[in-house]
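So the protein sequences, as listed, match chains A and B. Per this note's numbering, the first sequence starts with residue 88, numbered consecutively. Per this note's numbering, the second sequence starts with residue 88, numbered consecutively.
Keep in mind the hints are simulated off the structure, nothing from the lab. Here the structure is a predicted model, which means the values were calculated and not measured. Keep in mind that the hints are not guaranteed to be accurate.
Since copy identity is lost for identical chains, a pair holds within one copy or between any two.
Stated by the list, open to error - Calculated cross-link-like contacts (lysine to aspartate or glutamate; reagent style DMTMM-like; alpha-carbon spacing at most 20 Å):
id : residue 1 : residue 2
1  : Lys345    : Glu269
2  : Lys345    : Glu291
3  : Lys345    : Glu271
4  : Lys345    : Glu355
5  : Lys90     : Asp169
6  : Lys90     : Asp247
7  : Lys90     : Asp196
Protein chains: 2
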Amino acid sequence: MGKRIAVVGAGLVGIGWAIVFARAGCDVRVYDRDRALLDRLPEQLAGILDDLVAAGLLDRADSVRQRVVVCDGLSDAVRDADYVQESVRERVDVKRELYAELDAHLNPDAIVGSSSSGIPASRFTGGLSISARCLIAHPVNPPYLVPVVELVPADWTSADTVDAVHELMHAVGQHPIRVARELEGFVLNRLQGALLREAWALYEEGYCSLADIDATVSKGLGLRWSFMGPFETIDLNAPGGVADYAERLGELYLELAKERTTPEPWSEELVERVEIERRHSLPADQLQERTRWRDRRLMALSAYMRGQPDT
Amino acid sequence: MGKRIAVVGAGLVGIGWAIVFARAGCDVRVYDRDRALLDRLPEQLAGILDDLVAAGLLDRADSVRQRVVVCDGLSDAVRDADYVQESVRERVDVKRELYAELDAHLNPDAIVGSSSSGIPASRFTGGLSISARCLIAHPVNPPYLVPVVELVPADWTSADTVDAVHELMHAVGQHPIRVARELEGFVLNRLQGALLREAWALYEEGYCSLADIDATVSKGLGLRWSFMGPFETIDLNAPGGVADYAERLGELYLELAKERTTPEPWSEELVERVEIERRHSLPADQLQERTRWRDRRLMALSAYMRGQPDT
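The shape of chain A in the complex, shown without the other chains (with noise of 0.2 Å):
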């Protein structure tokens, strides 16, 4: 991978990107307009690959933290990147305002691709000399240990672009999937968020508490979801494949369904019982140990992954 790689934003996110490319052997600039995030990234890499090599995720981490160049400028940090991966914040204004001034920088082949959320590309790629080249490639956080990005274009992304990028990600490690055509939420966000529906409601309806609701993804669902899809999951379900499952439930989760017709936002009410709950479970001093613990346990599994067969 002798590819130039820029990172815009020098946030959790672009950190974890940077990490990605550099890992791969790619040479990484990072550019953030606020100089305080650049100041202290340095540390922050550094921390995150120390813990990298305890998980027995990386050999050296030398030689990768050597290939992220922090970068004073914007120009400086894009003007000879082949890839730009853009994750500033989440607002059009500040994202449509970075693009413009890209669009100054970059060399003629260079491809953009954004980490936004939810924004789709049409709202801040258009009418721009790259809007082309200029796509969706939304991560999971952090992308150096959940391997998928979706790959969203634009109605003016070019094919060759969607895969460009796709091989780009494969290349350094990552599992991109083709999004067809822009859509509210992306793909990753709409599973979670039909599964957090139904697990909203049946909590609000009173069928069960938090813990165990979790507990039912977790010791239940989650183990198979770890390694293999929803739809080879079903597949493997019955004996007969995917058709022979749908023919025997099929008419189970239609009635499913119609007890989900109207859209019940969170109310304020049951936000508020939800976390009541939750810090209940775990008290508001213990959020940071609790995320440092998931984020050792995604390592661990991601360590224990590498190990597994596919088939």
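For chain A, the structure is supplied; the task is to place chain B on it using the hints.
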């Protein structure tokens, strides 16, 4: 665990339960009306126990195997039982007939849990002397690898019965969850169904291939969900916890729910397209081998999970 357990129904689910209880040190007596199932049980049991030993999930197969006794008659299997795990066919008439028989044979304190994956207990446990001691104890297959068990009482199930089965399941290493009252599909399949509803719709609308939707879960959402449930996941996904998360993303999820208000059946044409795409990924003659791969992956994951800290 000196409990005396009866397992009625010697299909895959029944065998799975026999292993759960015998592994925990209980004496298990198994009966099935179908003599052929009973005849092949010892060999199937031995095969699974050998696999568990090979995966490092069991020290010795012999002692577990010896605790499982095949019985010629229902009365012989259940008359001294403290707990009966009913795992017969998923049909109301079959279950009704069996429960009437159980009513005649059980000792006065015995409890019956049904493995029913969809039919609620009120449809087949009413009007008996044992009614108050019957409930649903719905496992995921295979229960010796996937610990969650949904406990769903009928209106007439006593609170003591739910408590006693909760304690028993916990004692034998399962993860019981309490569902407050009956509902279609219980909790696990409702959560799965909600995610499937969105997944089928995204495929039908041409946004994504099945393989890419699957990867969004298996290389994304499913990694965290294998050790944290959906509520804990979002609680840790905003600096201020779940209320902060709801503030940031509640509106997006409401918008997504508004797009899914009409329950759509999985049409014949859609099922056929899904079947064709799945058979392209996995030809029919490889379904069995892939199922064995899934079971090996589940065993390896289960062994891995044992060493992981919960905090």
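Here is what the structure says about each hint:
no. : hint            : result
1   : Lys345 x Glu269 : between (27 Å within a copy, 17 Å between copies)
2   : Lys345 x Glu291 : both (18 Å within a copy, 19 Å between copies)
3   : Lys345 x Glu271 : between (23 Å within a copy, 11 Å between copies)
4   : Lys345 x Glu355 : between (25 Å within a copy, 19 Å between copies)
5   : Lys90 x Asp169  : within (6 Å within a copy, 67 Å between copies)
6   : Lys90 x Asp247  : within (17 Å within a copy, 65 Å between copies)
7   : Lys90 x Asp196  : within (13 Å within a copy, 71 Å between copies)
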